[in-house]
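Listed in order, the protein sequences are those of chains A and B.
Residue numbering for the first sequence follows our numbering, beginning at 240 and increasing consecutively.
Residue numbering for the second sequence follows our numbering, beginning at 4 and increasing consecutively.
By construction, these hints were calculated from the structure, which means they are not laboratory data.
Hints should not be assumed to be uniformly reliable.
Claimed, not checked - The calculated label-pair distances, taken between Cβ atoms and stated as ranges, are:
1) A:289 to B:57: 26 to 36 angstroms
2) A:326 to B:58: 37 to 47 angstroms
3) B:111 to A:259: 28 to 38 angstroms
4) A:254 to B:86: 36 to 46 angstroms
5) B:15 to A:292: 38 to 48 angstroms
6) A:300 to B:57: 19 to 29 angstroms
7) A:253 to B:19: 22 to 32 angstroms
8) B:83 to A:309: 45 to 55 angstroms
To be verified - Calculated cross-link-like contacts (lysine to aspartate or glutamate; reagent style DMTMM-like; alpha-carbon spacing at most 20 angstroms):
9) B:45 to A:283
10) B:52 to A:302
11) A:317 to A:302
12) B:45 to A:302
From a predicted model like this one, the values you see are computed outputs, not experimental measurements.
Ideal Cβ positions, reconstructed from N, Cα and C, are used throughout, including at glycine.
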Amino acid sequence: DAGVIQSPRHEVTEMGQEVTLRCKPISGHDYLFWYRQTMMRGLELLIYFNNNVPIDDSGMPEDRFSAKMPNASFSTLKIQPSEPRDSAVYFCASSLRPTGTGELFFGEGSRLTVL
Amino acid sequence: AQSVTQLDSHVSVSEGTPVLLRCNYSSSYSPSLFWYVQHPNKGLQLLLKYTSAATLVKGINGFEAEFKKSETSFHLTKPSAHMSDAAEYFCVVSSGSARQLTFGSGTQLTVLP
Numbered sequence: 240d241a242g243v244i245q246s247p248r249h250e251v252t253e254m255g256q257e258v259t260l261r262c263k264p265i266s267g268h269d270y271l272f273w274y275r276q277t278m279m280r281g282l283e284l285l286i287y288f289n290n291n292v293p294i295d296d297s298g299m300p301e302d303r304f305s306a307k308m309p310n311a312s313f314s315t316l317k318i319q320p321s322e323p324r325d326s327a328v329y330f331c332a333s334s335l336r337p338t339g340t341g342e343l344f345f346g347e348g349s350r351l352t353v354l
Numbered sequence: 004a005q006s007v008t009q010l011d012s013h014v015s016v017s018e019g020t021p022v023l024l025r026c027n028y029s030s031s032y033s034p035s036l037f038w039y040v041q042h043p044n045k046g047l048q049l050l051l052k053y054t055s056a057a058t059l060v061k062g063i064n065g066f067e068a069e070f071k072k073s074e075t076s077f078h079l080t081k082p083s084a085h086m087s088d089a090a091e092y093f094c095v096v097s098s099g100s101a102r103q104l105t106f107g108s109g110t111q112l113t114v115l116p
């Protein structure tokens, strides 16, 4: 298996623009997670899905952020409008088992820079 | 509530010498504990996990960690560092009914030739 695939790997945009990050989880994994990593705040869970249904979105910073999982093999994280403070590396991860087992498989991340 | 503290933000060792990365946790319940490694510009990869079985856990690439309940610690060790071990390491705790993961702030390991 190719692992978790994220695109784009790098994105540079201007404040106010819409950003869409994409993720393809490992086939057969029922859980999908979106994390954000910054120097200041470390790794933060934004939202996670189980069988394409959002289970916990309490980590989503504000209404500018939205995430969808239309099918088992695709998820998006959208920021509209983007702001400089959204600059971070966004990771998608998938898992066969619930979050508590800790066995997450991470993608290589999408590095977002908002100017 | 749960939390995890990685006691060193940076550790530097010479190639061939032992590695010790320290982690303390706090949890109201019996925790599960994990170590992840992140190489530059890569995603995180699971190194090893403790889930209430044997207290000494062996992971990939020669790493191991010992769960010490009395000390609330889960330190990561390796007998002999290799250049390829240079990376950032995260200690992670999971406990309670929600079983969410809490990540430590990370320890950057540098291996000197």
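Each hint, compared with the structure:
1. The beta-carbon spacing between residue 289 of chain A and residue 57 of chain B, approximately 30 angstroms, falls within the hinted interval of 26 to 36 angstroms.
2. Checking the proposed 37 to 47 angstroms range against residue 326 of chain A and residue 58 of chain B shows it holds: the Cβ atoms sit about 41 angstroms from each other.
3. Residue 111 of chain B and residue 259 of chain A have their C-beta atoms about 31 angstroms apart, which keeps the hinted 28 to 38 angstroms range intact.
4. The supplied range of 36 to 46 angstroms is met by residue 254 of chain A and residue 86 of chain B, whose beta-carbon atoms lie about 41 angstroms from each other.
5. Between residue 15 of chain B and residue 292 of chain A the beta carbons are some 45 angstroms apart, a value that agrees with the proposed interval 38 to 48 angstroms.
6. Against the hinted window of 19 to 29 angstroms, the Cβ-Cβ separation of residue 300 of chain A and residue 57 of chain B comes to about 40 angstroms, which falls outside the hint.
7. At roughly 49 angstroms, the beta carbons of residue 253 of chain A and residue 19 of chain B sit outside the given window of 22 to 32 angstroms.
8. Checked against the given bound of 45 to 55 angstroms, the beta carbons of residue 83 of chain B and residue 309 of chain A, roughly 48 angstroms apart, stay inside it.
9. Among the hinted pairs, residue 45 of chain B with residue 283 of chain A is consistent with the structure: their alpha-carbon atoms are about 17 angstroms apart, no more than 20 angstroms.
10. Simply put, residue 52 of chain B and residue 302 of chain A have alpha-carbon atoms about 35 angstroms apart, too far for the 20 angstroms limit, and the pair is violated.
11. This hinted pair checks out: residue 317 of chain A and residue 302 of chain A have alpha carbons roughly 10 angstroms apart, not beyond 20 angstroms.
12. Between residue 45 of chain B and residue 302 of chain A the CA atoms are separated by roughly 29 angstroms; this puts the pair beyond 20 angstroms, and the hint is violated.
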